[in-house]
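S.K.: So the sequences go chain by chain: A and B. Numbering-wise (the working numbering), the first sequence opens with residue 15 and increments by one. Numbering-wise (the working numbering), the second sequence opens with residue 4 and increments by one.
If you are wondering where the hints come from, they were derived from the structure by calculation, not from laboratory data. Treat the hints with care, as some may be off.
Claimed, not checked - The calculated BS3-like cross-link candidates involving lysine-lysine, where the alpha carbons are at most 27 Å apart (straight line), are:
| id | chain 1 | residue 1 | chain 2 | residue 2 |
| --- | --- | --- | --- | --- |
| 1 | A | 248 | A | 224 |
| 2 | A | 57 | A | 248 |
| 3 | B | 153 | A | 120 |
| 4 | A | 57 | B | 332 |
| 5 | B | 332 | A | 338 |
| 6 | B | 332 | B | 301 |
Said to hold, decoys possible - Just the calculated beta-carbon pair ranges, DEER-fashion:
| id | chain 1 | residue 1 | chain 2 | residue 2 | range |
| --- | --- | --- | --- | --- | --- |
| 7 | B | 325 | A | 252 | 35 to 45 Å |
| 8 | A | 251 | B | 23 | 53 to 63 Å |
| 9 | B | 117 | A | 318 | 43 to 53 Å |
| 10 | B | 172 | A | 141 | 51 to 61 Å |
| 11 | A | 304 | B | 78 | 35 to 45 Å |
| 12 | B | 41 | A | 140 | 39 to 49 Å |
| 13 | B | 155 | A | 171 | 46 to 56 Å |
| 14 | A | 353 | B | 80 | 31 to 41 Å |
| 15 | A | 174 | B | 80 | 49 to 59 Å |
| 16 | B | 23 | A | 141 | 25 to 35 Å |
| 17 | B | 202 | A | 320 | 31 to 41 Å |
Idealized CB from N, CA, C, for every residue including glycine.
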Amino acid sequence: MRFIDEYRDAAAAERYARAIRRITTRSWTLMEVCGGQTHAIVKFGVDALLPPEVTLVHGPGCPVCVTPLELIEKAIEIASTPGVIFCSFGDMLRVPGRTKDLLTIKSEGGDVRIVYSPLDAVAIARDNPSRQVVFFAVGFETTAPANAMAVFQAARTGVTNFSMLVSHVLVPPALEAILSSPSSRVQGFLAAGHVCTIMGYTEYEPIAAKYHVPIVVTGFEPLDILQGVYMCVKQLEDGRAEVENQYARAVRRDGNVPAQQLVREVFRIVPRKWRGVGEIPQSGFALAAPYEQFDAEIRFGIAALGVDEPTECCSGQIMQGLMKPHECPAFGTRCTPDHPLGATMVSSEGACAAYFRYRRLELAPQNGVTSRAH
Amino acid sequence: MPINSSGVSCPAPIQSRAHVQLAHGGGGRLTNQLIEQVFIPAFANAALDVRHDGARLELGGVKVAFSTDSYVVRPLFFPGGDIGTLAVNGTVNDLAMCGGRARFLSVGFVIEEGLPSETLGRVVASMQAAATSAGVVIATGDTKVVDRGKGDGLYVNTAGIGLIEHDAVIAPASVRPGDSVILSGDVGRHGMAVMAVREGLQFETTIESDCAPLVDSVFGLLDADVDVHCLRDLTRGGLATAAVEIAEAAAVHIRLNEAAIPVREDVRGACEILGFDPLYVANEGRFLAFVPADSVDKAIETLRRFPVSAGAAVVGTVTDAPARLVTLKSLIGATRVVDMLSGEQLPRIC
Chain A
15 MRFIDEYRDA AAAERYARAI RRITTRSWTL MEVCGGQTHA IVKFGVDALL PPEVTLVHGP
75 GCPVCVTPLE LIEKAIEIAS TPGVIFCSFG DMLRVPGRTK DLLTIKSEGG DVRIVYSPLD
135 AVAIARDNPS RQVVFFAVGF ETTAPANAMA VFQAARTGVT NFSMLVSHVL VPPALEAILS
195 SPSSRVQGFL AAGHVCTIMG YTEYEPIAAK YHVPIVVTGF EPLDILQGVY MCVKQLEDGR
255 AEVENQYARA VRRDGNVPAQ QLVREVFRIV PRKWRGVGEI PQSGFALAAP YEQFDAEIRF
315 GIAALGVDEP TECCSGQIMQ GLMKPHECPA FGTRCTPDHP LGATMVSSEG ACAAYFRYRR
375 LELAPQNGVT SRAH
Chain B
4 MPINSSGVSC PAPIQSRAHV QLAHGGGGRL TNQLIEQVFI PAFANAALDV RHDGARLELG
64 GVKVAFSTDS YVVRPLFFPG GDIGTLAVNG TVNDLAMCGG RARFLSVGFV IEEGLPSETL
124 GRVVASMQAA ATSAGVVIAT GDTKVVDRGK GDGLYVNTAG IGLIEHDAVI APASVRPGDS
184 VILSGDVGRH GMAVMAVREG LQFETTIESD CAPLVDSVFG LLDADVDVHC LRDLTRGGLA
244 TAAVEIAEAA AVHIRLNEAA IPVREDVRGA CEILGFDPLY VANEGRFLAF VPADSVDKAI
304 ETLRRFPVSA GAAVVGTVTD APARLVTLKS LIGATRVVDM LSGEQLPRIC
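Required output: the full structure, derived from the provided sequences and hints.
M.R.: In structure tokens:
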């Protein structure tokens, strides 16, 4: 398949691996920001091709994983309200709240529906004028334009029974938070290609300069990641700290300007809590004042719902690159995809899910992961 | 701004599930839990213990295969088939996987009030056509009608009985280290065909279900005296789940080669868009055959004679360790574990 096969070519991958080995003279720790990259690395075994000096740690770029418990509880509260149609992307349904997930609400009779686009939720609202339809708007900058468009369309066409539970987060403030932590091990970033497709990469330039850290905008296929690692290691070996673009077939420096304009029209920047991490200033979106009537938290009177997060799960350290999933004492024993302690074990982009799914061979003996015969 | 990690945090696990969820029917780990924790303890007997697609029984000295399946597909009609063809082929294929040639089927209809009679007529006609094609007789049946809103238009159950006319024990327990794993054709078509229609997804081409009877291919192998150790059709949960089930039941290691597994380009494209792994997508006309290495050439040659298995290829091998595990050599040459999913695959966010 074009645009896929050429980026999964074994011979080319080996050539890149050799090139990385050739230029590496000392140890480097790189973080791939996006959970999609983490899964590609673990699924295809990209890290197995790297020299032992190069360590990849896994970043916070999994929208499902960083959605705070509080928002999951708000979603559950709304989805349990009689008459409500609660629409979400599929990923969010298995994320554990305090005692339930959205799939449980569905099995108890809640009208929880998987949609493929936020505009589908607006259409459902239009088709069901007597019911409240709520869309769970989760994600990074990548999904923000489509979510903004849904609110914009609902406002323009007078779909007043539609609202949105917003849990949008932004990548650059998270990178700054990681870099300014005294325990950070990260020396270079593979930035999330799809986020930059929307936003471009100008906002990363001051971060690279301020913290003297190379940032390489990187795609999601095995060869993209190997090339991103090569470019990042080359900068580190050369003593440079610049923003470079590996994913040039999709990303321009200024990004998608009309999409950014729509996002600025509908959203405003606010502080956001990140699950397992805590609050990061100016790190997310909420609906801008002209669109507040579409804010589900206000409509359902749950803005004040607060939830204390217990301290069982290590996902915060994992998403900051301080720990690998299998180093968590609960990994594969008390925490599995069937019984997750945290969202990183259930999300399709979660680092723990990737390790559990693809790395059981190496990890099983010490963690006692068992599987049951059918 | 440093991160405050002091409150690191995730919630208590959701240990008990008071209600059955859709994922319990997804064919993955939760389905297996339901079988292990509810059904097997309740019904414990030697026939169930084989853990295969159907039961292998003896009736008055005659060896028979016996199997049942219920069909709840939505929409009822999809490119390449409908609920009727599925209901006949599914049970015929389950019997074939036990080495049984289907002879008689029963059919049970659960019909929702208001279903157009014309719809029922079309389904019944395609059931008879599928039965004729598979050489099986629909010998008995049952009809129930439920209130409007209590069913998805139409549910169909079939059960089937078939004769086992050879001495081979075709079951997971017969799989041996050294066996080759043969896949009968490209994977992922049925699941993506149904999903595309159900969710209104439009791709450049229409993906058609692979729904088909596997009888000719299976009995082609047996008639050619291929020493078939095990067969497994790749329905819910797809190739990956079937391989894991066999590895666990036979206590062997199965090593798959990703580059050898055929996936059609339109199916791959649809899977890439939704974030699905085609190895977990359902099929209705594909199976794995486990045969000793010295039978591989004859098996492949035989399978390729039949249109339904013209794309047969060796996709892996069986070894002894690490037992109860499936691994896959990825396209770029690294090895990873292939696990059973907890439930169904869900479309991703971005």
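S.K.: Take the hints in turn and mark each one as holding or not.
M.R.: Here is how each hint holds up against the structure:
1. A/248 - A/224: 19 Å, holds
2. A/57 - A/248: Holds. Residue 57 of chain A to residue 248 of chain A sits at ~25 Å (cutoff 27 Å).
3. B/153 - A/120: 16 Å, holds
4. A/57 - B/332: Holds, at roughly 10 Å.
5. B/332 - A/338: Holds - the C-alpha atoms of residue 338 of chain A and residue 332 of chain B are around 23 Å apart, at most 27 Å.
6. B/332 - B/301: 25 Å, holds
7. B/325 - A/252: 35 to 45 Å: Given about 43 Å between the Cβ atoms, the range holds.
8. A/251 - B/23: 53 to 63 Å: 56 Å, holds
9. B/117 - A/318: 43 to 53 Å: At roughly 46 Å between Cβ atoms, residue 318 of chain A and residue 117 of chain B fall inside 43 to 53 Å, so the hint holds.
10. B/172 - A/141: 51 to 61 Å: Between residue 172 of chain B and residue 141 of chain A, where Cβ atoms are some 55 Å apart, the hint holds.
11. A/304 - B/78: 35 to 45 Å: 41 Å Cβ-Cβ, so the 35 to 45 Å window holds.
12. B/41 - A/140: 39 to 49 Å: 42 Å, holds
13. B/155 - A/171: 46 to 56 Å: 31 Å, violated
14. A/353 - B/80: 31 to 41 Å: 39 Å, holds
15. A/174 - B/80: 49 to 59 Å: At roughly 37 Å between Cβ atoms, residue 80 of chain B and residue 174 of chain A fall outside 49 to 59 Å, so the hint is violated.
16. B/23 - A/141: 25 to 35 Å: Check passed, 29 Å falls within 25 to 35 Å.
17. B/202 - A/320: 31 to 41 Å: 36 Å, holds
The structure shown violates the earlier hints numbered 13, 15.
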